[in-house]
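2 protein chains.
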Amino acid sequence: MLDKESKIPLYSQLMDILIHDIESHMQEDEKMLSEREICKKFDVSRTTVRQTFQELEREGYIYIKHGKGAFVTSNKFNQNLQGFYSFTDEMKKLGKEPTSKVIKFEIITSNNDIAKKMKIESEDLVYKFTRLRLANKEKMMVETTYVPYNMFPGKDDLNRNPLYDIFRDRFNTVVEYAEEVFIPVLTNEDEAEKLNIGVGSPSLKISRYAYNSNDKVIEYTISIARGDKFKYNIKLLKK
Amino acid sequence: MLDKESKIPLYSQLMDILIHDIESHMQEDEKMLSEREICKKFDVSRTTVRQTFQELEREGYIYIKHGKGAFVTSNKFNQNLQGFYSFTDEMKKLGKEPTSKVIKFEIITSNNDIAKKMKIESEDLVYKFTRLRLANKEKMMVETTYVPYNMFPGKDDLNRNPLYDIFRDRFNTVVEYAEEVFIPVLTNEDEAEKLNIGVGSPSLKISRYAYNSNDKVIEYTISIARGDKFKYNIKLLKK
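Protein chains in written order, with the working numbering: chain A, 2 to 240; chain B, 2 to 240.
Everything labelled a hint here was simulated from the structure, so no lab data went into it.
Just so you know, not all the hints are guaranteed correct.
Pairs count within a copy or across copies, as identical chains cannot be separated in the list.
[Stated by the list, open to error] Simulated crosslink set (DMTMM-like; lysine to aspartate or glutamate; CA at most 20 angstroms straight-line):
(1) Lys217 x Glu177
(2) Lys138 x Glu98
(3) Lys94 x Asp22
(4) Lys236 x Glu180
(5) Lys105 x Asp17
(6) Lys102 x Asp90
(7) Lys217 x Glu36
(8) Lys232 x Glu180
(9) Lys69 x Glu190
(10) Lys41 x Glu24
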């Protein structure tokens, strides 16, 4: 199967064979053969197998758990950042059923920190709610959202989805643009428990500031998105 | 210092005080007072302090190390994703001195996987090089780059910075646009060693495909950017 006369390095040939296996018949999170088994099966050195695994990991085909071996990476939902997106709409496009579970819902008096971020006055009232977002009942992300109370009085249904439909239909307010900041983080105990994944799992923290046509912040949300479920892509143009 | 009559919840008032401390005189990675010390100092319950810490962590002011306490988050370089960017130019803009250390440089025969990604033929030659990127001598990211050999023959200086200047000046080729994919990951042993940080540190894996005006891939790079050093921001417009 490996051609020792080929100009393509052995680790690189082995890589193609394993990628073919992964793509043709392996499942997400399925364990790969061990380094030792691959050495034997393909008659290559341990060094070659290590290099193959390292390249496969870098290219995103496998993930390596220290002391446990290598596993097939799960397919990720590919979120396009070319324009404004909502979890609900994106999941529907994929034919998945988006649902939300409201974990907490409060109206609080904002402190300086939140006030500064939302460009409101300290002591202004804000809705604060935490939602678990699911796709086909699978836990995908956990979000904490702040919305200025004064702009959207009447708390009865603001915690129901989709938030932007409520903004539009009940308050005639449309999100014109948003700013997002992305930081890779490890899930803490609380997030891990809510998402039902391990503490310290790689995830993306996304802070979103959504604005209306008067440049008012109408939503400030911090999301923790599972790193095994999402990837984010963007097209960059020459300036 | 805390006003128990205020409408702002205690945890939220405490948050403002600690943020003021962090911003006025604390250093990156400096340890916060312990939960117990804060309880005593401000005469509040452990539950209140826990909630404050949780909010401070979510807002990105502190990070919590299990069993070791809370620490001040380091300032992050804010990378704007509105257009094409290069590490060299961005660091210069900040008044930092960008340098690169070439860890490995090879010309290899590509396998199917790389060929497919670069839209070239399998067995075509490609440059493959791994670089450590530094700013003011601090290790920031590690990058593995592939460049088609046929388009840029003559290996002598392609591993020197900045790559795009060489494309432009020697080969009259300009990067017209790029696609990037972002995934949060944990550093593996190799990356951690190169970046001189702990194994399993949160980091961002960025895959870049850079194109010339004929839609040819002229660069394919996988970067591992330290999560404690970078944040990425984007403006999203209504579609």
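Right, here's what the structure says about each hint:
Taking CA atoms no more than 20 angstroms apart as the test, Lys217 paired with Glu177 passes inside one copy only; the shortest distance there is 10 angstroms, against 35 angstroms between copies. In this assembly of identical chains, Lys138 and Glu98 lie within 20 angstroms of each other by CA distance solely inside one copy; the values are 8 angstroms within and 49 angstroms between copies. In this assembly of identical chains, Lys94 and Asp22 lie within 20 angstroms of each other by CA distance neither inside one copy nor across copies; the values are 29 angstroms within and 46 angstroms between. For the identical chains of this complex, Lys236 and Glu180 are neighbours both inside a copy (16 angstroms) and across copies (5 angstroms), given an alpha-carbon limit of 20 angstroms.
Taking the closest pair of Cα atoms, Lys105 and Asp17 never come within 20 angstroms of each other, the shortest separation being 48 angstroms inside a single copy and 22 angstroms across copies. For the homomeric pair Lys102 and Asp90, the shortest alpha-carbon distance inside one copy (17 angstroms) is at most 20 angstroms, but the shortest distance between copies (44 angstroms) is not. Taking the shortest alpha-carbon separations for Lys217 and Glu36, neither the intra-copy value of 56 angstroms nor the inter-copy value of 36 angstroms comes in at or below 20 angstroms. Within a single copy, Lys232 and Glu180 get their C-alpha atoms as close as 18 angstroms, and across copies as close as 13 angstroms, so both meet the 20 angstroms cut-off.
Within a single copy, Lys69 and Glu190 get their C-alpha atoms only as close as 23 angstroms, which misses the 20 angstroms cut-off; across copies the closest is 15 angstroms, which meets it. Taking the closest pair of Cα atoms, Lys41 and Glu24 never come within 20 angstroms of each other, the shortest separation being 22 angstroms inside a single copy and 58 angstroms across copies.
Checked against the numbered hints listed earlier, the structure breaks hints 3, 5, 7 and 10; every other hint is satisfied.
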